[in-house]
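**Student:** Residues per chain, in single letters:
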Amino acid sequence: MRSILYVMTALTVIGLAFWAYHENYKTQEAIEKTSKLQREIGAARVRLSVLRAEWAYLNRPDRLRDLAELNFDRLGLLPLRPRHFGNVDQVAFPLPVFDDLEPITNPIATSSQGADQEQQP
Amino acid sequence: MIRTPLRPLARILDARQRGENPDAIERENIRLRHEEMRDRLRLRAEQRLLLLGIMYFCAFLVIAVRMGGLAASEATEPRAATNGASIVAQRADIVDRKGRILATNMEVHSLYAHPHQMIEPLRAAEELGKIFPELDVADLKKRFTSDRKFMWIRKKLSPEQKQAVHDIGEPGLLFGPREMRLYPNGALAAHVLGGYGFGREGVHSAEVLGTAGIEKFHDDLLRDPAREGAPLELSIDLTLQAAAEKVLYGGMKIMGAKGATAILMDANSGEILSLASLPDFDPNDRPLPALGDDPSISPLFNRAVQGVYELGSTFKIFAAAQAMDLGIVNPNTMVDIRGPLTWGRHRIRDFHNYGKELSVTKVIVKSSNIGTARLAQMIGADRQKTFLEKLGFFDVTPVELQEAKRAKPLLPPNWSELSTMTISYGHGLSASPLHLATAYAAVANGGRMVTPTLLRQNGPNLGERVMSESAAAASRAMLRLVVSHDEGTASFGDVRGYAVGGKTGTADKPMPKGGYYKDKVIATFASIFPIHDPKYVLVVTLDEPEIHAAGELRRTAGWTAVPVAAEMIERLAPLLGLRPTIEPDTLAGITLTSQ
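As they're listed, the protein sequences go chains L and U. Mapping the first sequence onto my numbering, position 14 (from 1) lands on 14, and the numbers just tick up by one. Each position in the second sequence, counted from 1, maps to that position plus 121 in my numbering.
Every clue listed holds true.
Where chain U lies over chain L, by a calculated footprint (3+ residues, C-beta under 8 Å):
id: 1; segment: 39 to 52
id: 2; segment: 59 to 67
id: 3; segment: 71 to 81
Take a look, some chain U residues computed to stay more than 12 Å from chain L by CB distance:
id: 4; residue: Ile123
id: 5; residue: Leu127
id: 6; residue: His155
id: 7; residue: Arg244
id: 8; residue: Lys270
id: 9; residue: His287
id: 10; residue: Ala327
id: 11; residue: Asp341
id: 12; residue: Gly377
id: 13; residue: Phe402
id: 14; residue: Leu409
id: 15; residue: Trp536
id: 16; residue: Leu576
id: 17; residue: Glu608
id: 18; residue: Asp640
Read the hints as simulated data drawn from the structure, not as lab findings. Keep in mind the model is a prediction, meaning the values are calculated, not measured. No residue lacks a Cβ here, since even glycine has one placed at the ideal position from N, Cα and C.
Please take these sequences and the hints and turn them into a complete structure.
**Tutor:** What follows is the structure, encoded as structure tokens:
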């Protein structure tokens, strides 16, 4: 009986030790993964900021103005002026669309109530 | 185990027969048994010792291996936890009101040298000279061969330059990571942004510090890690700024001015939508400050906030507004304008002779100095002083620019009655165009002060009341007539559909040693548009404009600043989303009384 107790205790200790080490390794792994991800996030952030800077650089007003002037033949872009504002009545009114209406086939029940009654003088 | 009996009967009986002592047999047997026990115990002890030895050996081996490993590897702190979100230690971006980037960061490299590690210092110097033509090769050679252990060569390298330096293959040339500030729009809004420099510099990093403009004013905010890299949102609109700078540049060239500034402000919130000052500079490569007495020749000079000048007749509307606010006059009250008005040794003259008397409206429309001086006399020095102080002309403007902190308006040391009269038409008190724009915003929004700001606001931000709603409305009607009336000084400023109202101002430029230049002026046009629904204030100032027009050399604001401002309104108003509208008829109720 006693030896069983000893063996059980020993096995418990071994089991707990295994569990503790396992948890420890899992934690270490998670920490490693986190720091790796954070490094990746950092690198992505740098990339993103470079891309945003590049986007801003390529879209700087000076360059866009020059491009609009160079491609005037094709694009015909001009600086916005007051005369470019249009009025609502310059826009063609859209024609009504009838496609979705089926031809009427069912009989229309018009009210004939009291039609055959004689009119009271 | 069968134990050998100590006294085996057979042997005892034998021994007795032979007459021997049987105890000897027992002792002999005990001895043998003890020897056997001893041998057994020794063997067991030896085994235990061996086991213990092996265990110790293993334990020491583990420790030795671990120690060896620790000694051979790089030390790291043991970690039981990891930090959640990473701290963004970068300087925050600056964006415009629509989120477009005005300033951001870039990771580049710096180049430094360890001359003692160099193998071919002379060749390295030659090669560096080829990559960077601005470096002094002879000086580099001297320094590479000296006893120095460390020297900086370049603070910023582009990736191409870095590769070229790398290709030299010199182990004594080293790179360090470095963050630099990038202004992708170049010179656009340069005076707002300011510039940057490096603070404490190390091989691994360097502090990026703002040196001017909003970069310096909000340096702490931009560097605050608690903001987690949230960008600083400005009230500036990139599109408006670009258009304003383009128009202003064209206007400055046509008018032959040596400098120009334009401020577009939202009259209800005090937000500055565009602030242009020319000549400008590229904040990516900020020039050195100018030497000498006159800072205004440097492109770094921000005319909008640092250009403290007498702003001339643009001030007249304040005298008229105050007189109407106090109930002294109404727009139709006749004012005596017979001149010249002599006060001590000083004489106040008008640009032309406008007759004997004019209504207050006409005084403003024709810009009569004498008429305004008479109004100021009626108001009195104390009340005028209080009014101008409320309008912010006594203090530096609170705008978020480092330069503004030192640009204090110049007030007369002794506010005499003569000062009262001259200040009423804009002489004797110097302020910046931004001061003027702020005061005009109060006229535009119905008499409430606003705080000029470069940071994006949510909705109107009206402050203290400085004049009554009706006085502001009457002043706006006068400003409209200055532009729309045939005799108005700003008749070139009428932009169809936008109902511009404003006041011109032409002030002689002061000489550095006192007195005024005869042929150099500051021409200003302060305007409000659309006047029937005032939303925006635009102030355009040209420094020393001159143009040949209609047969003579013109310098007055009506011929110089006004056409530039009109062109600017025509370009900017559509960008602000304002449709051209027909002015409502209500303003016609205020009619000019003919003389």
